[in-house]
Amino acid sequence: MPVSLGELAVRYGCELRGDPDTRIERVATLANADGRSLAFLANPRYRSRLQDTRAAAVVLSRAAAEECRTAVLVCENPYATYARIAAILHPLAALAAGVHPSTVLAASARIDPSAQLEAFTTIGADVTIGARAYVGPHCVLAEGVALAPDVRLVARVTLGPGVEIGARSVLQPGVVVGADGFGFAPEGGRWLKVPQLGSVRIGADVEIGANTTIDRGAIEDTVVEEGVKLDNLIQIGHNVRIGAHTVIAACTGVSGSTTIGKRCMIGGMVGFAGHIRIADDVTITGFSAVSHSIASAGVYSGTLPAEEARTWRRLVARFKRSASVAARLRALERAAGLISAQDEDHD
Amino acid sequence: MPVSLGELAVRYGCELRGDPDTRIERVATLANADGRSLAFLANPRYRSRLQDTRAAAVVLSRAAAEECRTAVLVCENPYATYARIAAILHPLAALAAGVHPSTVLAASARIDPSAQLEAFTTIGADVTIGARAYVGPHCVLAEGVALAPDVRLVARVTLGPGVEIGARSVLQPGVVVGADGFGFAPEGGRWLKVPQLGSVRIGADVEIGANTTIDRGAIEDTVVEEGVKLDNLIQIGHNVRIGAHTVIAACTGVSGSTTIGKRCMIGGMVGFAGHIRIADDVTITGFSAVSHSIASAGVYSGTLPAEEARTWRRLVARFKRSASVAARLRALERAAGLISAQDEDHD
Amino acid sequence: MPVSLGELAVRYGCELRGDPDTRIERVATLANADGRSLAFLANPRYRSRLQDTRAAAVVLSRAAAEECRTAVLVCENPYATYARIAAILHPLAALAAGVHPSTVLAASARIDPSAQLEAFTTIGADVTIGARAYVGPHCVLAEGVALAPDVRLVARVTLGPGVEIGARSVLQPGVVVGADGFGFAPEGGRWLKVPQLGSVRIGADVEIGANTTIDRGAIEDTVVEEGVKLDNLIQIGHNVRIGAHTVIAACTGVSGSTTIGKRCMIGGMVGFAGHIRIADDVTITGFSAVSHSIASAGVYSGTLPAEEARTWRRLVARFKRSASVAARLRALERAAGLISAQDEDHD
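Chains as they are written, first to last, in our numbering: chain A, 1 to 347; chain B, 348 to 694; chain C, 695 to 1041.
Read the hints as simulated data drawn from the structure, not as lab findings.
Incorrect hints may appear among the rest.
What the hints assert, rightly or not - Here are the simulated SDA-like cross-link-like pairs (lysine to any residue), alpha carbons at most 20 Å apart as the crow flies:
{"#": "1", "chain 1": "B", "residue 1": "540", "chain 2": "C", "residue 2": "843"}
{"#": "2", "chain 1": "A", "residue 1": "193", "chain 2": "A", "residue 2": "220"}
{"#": "3", "chain 1": "A", "residue 1": "262", "chain 2": "A", "residue 2": "294"}
{"#": "4", "chain 1": "B", "residue 1": "609", "chain 2": "B", "residue 2": "646"}
{"#": "5", "chain 1": "A", "residue 1": "320", "chain 2": "B", "residue 2": "666"}
{"#": "6", "chain 1": "A", "residue 1": "193", "chain 2": "B", "residue 2": "438"}
{"#": "7", "chain 1": "A", "residue 1": "193", "chain 2": "B", "residue 2": "573"}
{"#": "8", "chain 1": "A", "residue 1": "193", "chain 2": "B", "residue 2": "550"}
{"#": "9", "chain 1": "B", "residue 1": "609", "chain 2": "B", "residue 2": "641"}
{"#": "10", "chain 1": "B", "residue 1": "540", "chain 2": "C", "residue 2": "826"}
{"#": "11", "chain 1": "A", "residue 1": "320", "chain 2": "C", "residue 2": "1020"}
{"#": "12", "chain 1": "B", "residue 1": "609", "chain 2": "B", "residue 2": "626"}
{"#": "13", "chain 1": "C", "residue 1": "1014", "chain 2": "B", "residue 2": "654"}
{"#": "14", "chain 1": "B", "residue 1": "540", "chain 2": "C", "residue 2": "706"}
{"#": "15", "chain 1": "A", "residue 1": "193", "chain 2": "B", "residue 2": "479"}
{"#": "16", "chain 1": "B", "residue 1": "540", "chain 2": "C", "residue 2": "737"}
{"#": "17", "chain 1": "C", "residue 1": "887", "chain 2": "A", "residue 2": "226"}
{"#": "18", "chain 1": "C", "residue 1": "956", "chain 2": "C", "residue 2": "974"}
{"#": "19", "chain 1": "A", "residue 1": "320", "chain 2": "C", "residue 2": "1001"}
{"#": "20", "chain 1": "A", "residue 1": "262", "chain 2": "A", "residue 2": "244"}
To be verified - Derived contacts from chain C toward chain A, CB cut-off under 8 Å, selection only:
{"#": "21", "residue": "868"}
{"#": "22", "residue": "870"}
{"#": "23", "residue": "873"}
{"#": "24", "residue": "881"}
{"#": "25", "residue": "891"}
{"#": "26", "residue": "907"}
{"#": "27", "residue": "931"}
{"#": "28", "residue": "947"}
{"#": "29", "residue": "978"}
{"#": "30", "residue": "979"}
{"#": "31", "residue": "1008"}
{"#": "32", "residue": "1026"}
Said to hold, decoys possible - A few chain A residues that face chain C, going by a derived Cβ cut-off under 10 Å, partial list only:
{"#": "33", "residue": "26"}
{"#": "34", "residue": "31"}
{"#": "35", "residue": "43"}
{"#": "36", "residue": "79"}
{"#": "37", "residue": "80"}
{"#": "38", "residue": "83"}
{"#": "39", "residue": "102"}
{"#": "40", "residue": "119"}
Glycine included, each C-beta is placed from N, C-alpha and C at the ideal position.
The task is simple: from the sequences and hints, build the whole structure.
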């Protein structure tokens, strides 16, 4: 649905430099935009591309506007403004309310008439599905699941007993919420399964990426608060709580009973030990091991970047020989008369 | 199904301090238990909560019993005893034996009449399904799959040709057992697929977490022995063998042809190289890279815990400058007359 | 389908030492082969097994041929030759062309009559499925998906809108191609979803392992070029490009907008930062963090191998005390009169 630049400027509070009657049909990258396309610049890394773009207009900040030869929509937050415009230029398909005839539906389930259920879904006893919810093909909703209005299960989502999903949340294909947590009691050299009796509560406006798993609590619920965004292939253990508006990148694992605060930013492939507490507003860089609680906001890291392999092997060899460095330092300090009793305890 | 404390004490060999007629209806955490609830204390970290709990009774060890003001069930292994009691207070739904009419069933499959098959499962040729097995919705069982009695496929489990699952094993949603192993022969700058002809044998009493994958062997079978517990999002490569009663936490990957011993405890996000051998009774802490075989029981680690980012950057910078440390040490040793020919070889 | 050694020698250009009329029925490992089996030796680690094998014949290189007492098929590339022979001895089941009656099929989809669609698949509008393609049970093909000839979706594969899969590519169970990329714009302490409008193009002869996820591009397409082999549980972010004939082992994650070159070999559990560029012919060892672009071919590593835990704890303690090493070195250098102004800047 094409929109004029003037309309976009008014609707999103942008300053327009250019012809308000130009009609925009789609979004595009700076490099590949044409005269019907809107592009945006949010990442300064791509600023040089402003010079050559053929876009009808570009959404950008005041600072970058001078460098652009095309029409521009100037705003405070170009990425957010772009996101809003892209959503109206490229809307999701409208819902086709109703339940596909292949659905296996418990008699006690309550489905809002404005919801859409696609083929091959199974809906257990006492499930409730809110207004305008979309349940894509091959979803499994066990007994007692509750979907708030406007939830979107893209396809092949599995929700265990009693799982609650807040309004407008989006779950990508392959997501499993509410599988049993990993609880086993050691007994005589074997492991006895501990029944996992809690469930999972997901707040509003949460996004969960493809093939991510969130386990049900052992006794009480695992909780993901509103506005959390989880990427693909993430593991959230039982009894975890993730604070509102925290984002976690792909392949990260959070062990059981750990609490992550609000507005955290967690990189990809981060591992969290169990039973720890991460404060609000913590940033953790990708590929870090978080073994201990973090009590205050800030940036934390455990990332050791790869090197050319020969260099790396020498670094590792030296690292593993650090005892000899310590011993040699002590010998030198002794020889130089610099050593104190305290230093002798060091290693 | 409520049970009296007296009955629980007799049944599980506990010493009861309190009224044997008190009836228990459910389990709860120490913090949230009420007068109908049973709580437990296994992790000493939560011992202070004993003071305030309103539980009807608490399952705990002799050492902790004095600190608790409520009725107590004293036993050797409170976590295991709790697990048993929780299982009878909160039993799984009884099976509804029979095959859902939507099932696509090969004529040659043999399904025990006491088994339950839910909606939208596909059952290939020569599949056998044992007594009281549960096949949840959306499972795919390829030709020749064999489920022993009391197996439980929670939902959306995919089993490749010839996969065998031992008695009482539980597979959570999204598990894939028996996909092709990662075998490709290099040839002229391309990769030629090597047919994966083995299958996977899973022993009795195994648990496999959500979205975990276990590949079929290249020629012979990948093997997971009895009592193994695998968490979510784990990758087990082709030709791997995992010894009995080993537990592996989430996001760990085991490369092809590696053997892990019995009764090992493997943390989350551990990576195992291929073609190595890990002894029995090995513990590996989370986020470790295991590049070489481990010949004897013990605890192994490669976890480098994250730090405040500024501190970390300095640590990494020093690590990468370790050649200069070595050179400076040598210069000092030379100046001090401490150096030997041997040391000169060090770096 | 049994084949004679003579026939195999002619067909695959091997030198045969042994009776050309011996008939081979199957492949087997050196250790378990019998008189109807063909074995192979590609990994020198298993060379000693040549002595005892009872195989009818072994495929191996000229160098190893002398050590084998059975008939041998001598060739340049024993692993590739073995792969070809295994494929004819153990062929895939022939396709049963046609569409299973349970399929939910959009009227505008075009299915080649030689293709096979198994039970419980959903095929969206304008999907095209090429000759001899196999769509296993429980696959979801959203609108506009295009499968080239001879594609094989083993089971439970989910393809988002517009995804293209090249000829002969194989997707294992649980794969998700074309879920939304992880794009959110920060705005007032919340995250606003950025519509993900691109799709994914997968080239010919690609293999994608179980439960691997490949996200759709934000505006343009995520691209996996021909001949790429991806193992299980891999995450490929939006706008990534993976060059032809690159192989990636399990549990690796590639963040958004990163480009990996052609013919790279990436180990398991490697993490790539976003917006970086990896050259052609790069090898990266398993469990490495790749934070920066790599401009030239070669081997790169960031793997820190695990140790016995007590040793490891001391190594980590020393690593974290490296500031004190630096200070002590400086003190020694000062005492020895070796220090220069430059060195003082080091830490």
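Okay, the hints, checked on the actual structure:
1. B:540 x C:843: Holds, because 18 Å separates the two Cα atoms, which is no more than 20 Å.
2. A:193 x A:220: The hint holds at about 17 Å.
3. A:262 x A:294: holds, 13 Å
4. B:609 x B:646: Satisfied, since the Cα-Cα distance of roughly 14 Å is no more than 20 Å.
5. A:320 x B:666: holds, 11 Å
6. A:193 x B:438: holds, 13 Å
7. A:193 x B:573: holds, 14 Å
8. A:193 x B:550: Cα-Cα ~16 Å, so holds.
9. B:609 x B:641: At roughly 13 Å apart (the allowed maximum being 20 Å), residue 641 (chain B) and residue 609 (chain B) satisfy the hint.
10. B:540 x C:826: Since the Cα atoms of residue 540 (chain B) and residue 826 (chain C) sit roughly 19 Å apart, the hinted pair holds (cutoff 20 Å).
11. A:320 x C:1020: holds, 17 Å
12. B:609 x B:626: Between residue 609 (chain B) and residue 626 (chain B) the Cα gap is close to 8 Å, so the pair holds against 20 Å.
13. C:1014 x B:654: Roughly 9 Å separates the two Cα atoms, so the pair holds.
14. B:540 x C:706: holds, 16 Å
15. A:193 x B:479: Roughly 19 Å separates the two Cα atoms, so the pair holds.
16. B:540 x C:737: holds, 17 Å
17. C:887 x A:226: holds, 14 Å
18. C:956 x C:974: OK: residue 956 (chain C) and residue 974 (chain C) at ~5 Å, within 20 Å.
19. A:320 x C:1001: holds, 9 Å
20. A:262 x A:244: holds, 5 Å
21. 868: holds, 6 Å
22. 870: holds, 4 Å
23. 873: Because about 4 Å separates residue 873 (chain C) from the closest Cβ in chain A, which is inside the 8 Å limit, the hint holds.
24. 881: holds, 4 Å
25. 891: Residue 891 (chain C) check passes; min Cβ-Cβ to chain A is 5 Å, inside 8 Å.
26. 907: holds, 4 Å
27. 931: Nearest chain A Cβ about 7 Å off; hint holds.
28. 947: Check passed: Cβ of residue 947 (chain C) comes within 4 Å of chain A, closer than 8 Å.
29. 978: holds, 7 Å
30. 979: holds, 7 Å
31. 1008: Interface hint status for residue 1008 (chain C): holds (7 Å vs cutoff 8 Å).
32. 1026: With a closest approach of 5 Å, the residue 1026 (chain C) hint holds.
33. 26: Check passed: Cβ of residue 26 (chain A) comes within 8 Å of chain C, closer than 10 Å.
34. 31: holds, 9 Å
35. 43: holds, 8 Å
36. 79: Holds. Min distance 4 Å.
37. 80: holds, 4 Å
38. 83: With Cβ-Cβ at 4 Å, under 10 Å, it holds.
39. 102: holds, 7 Å
40. 119: This interface hint holds because 4 Å falls under the 10 Å limit.
Going down the numbered hints, you'll see the structure goes against none, and every one checks out.
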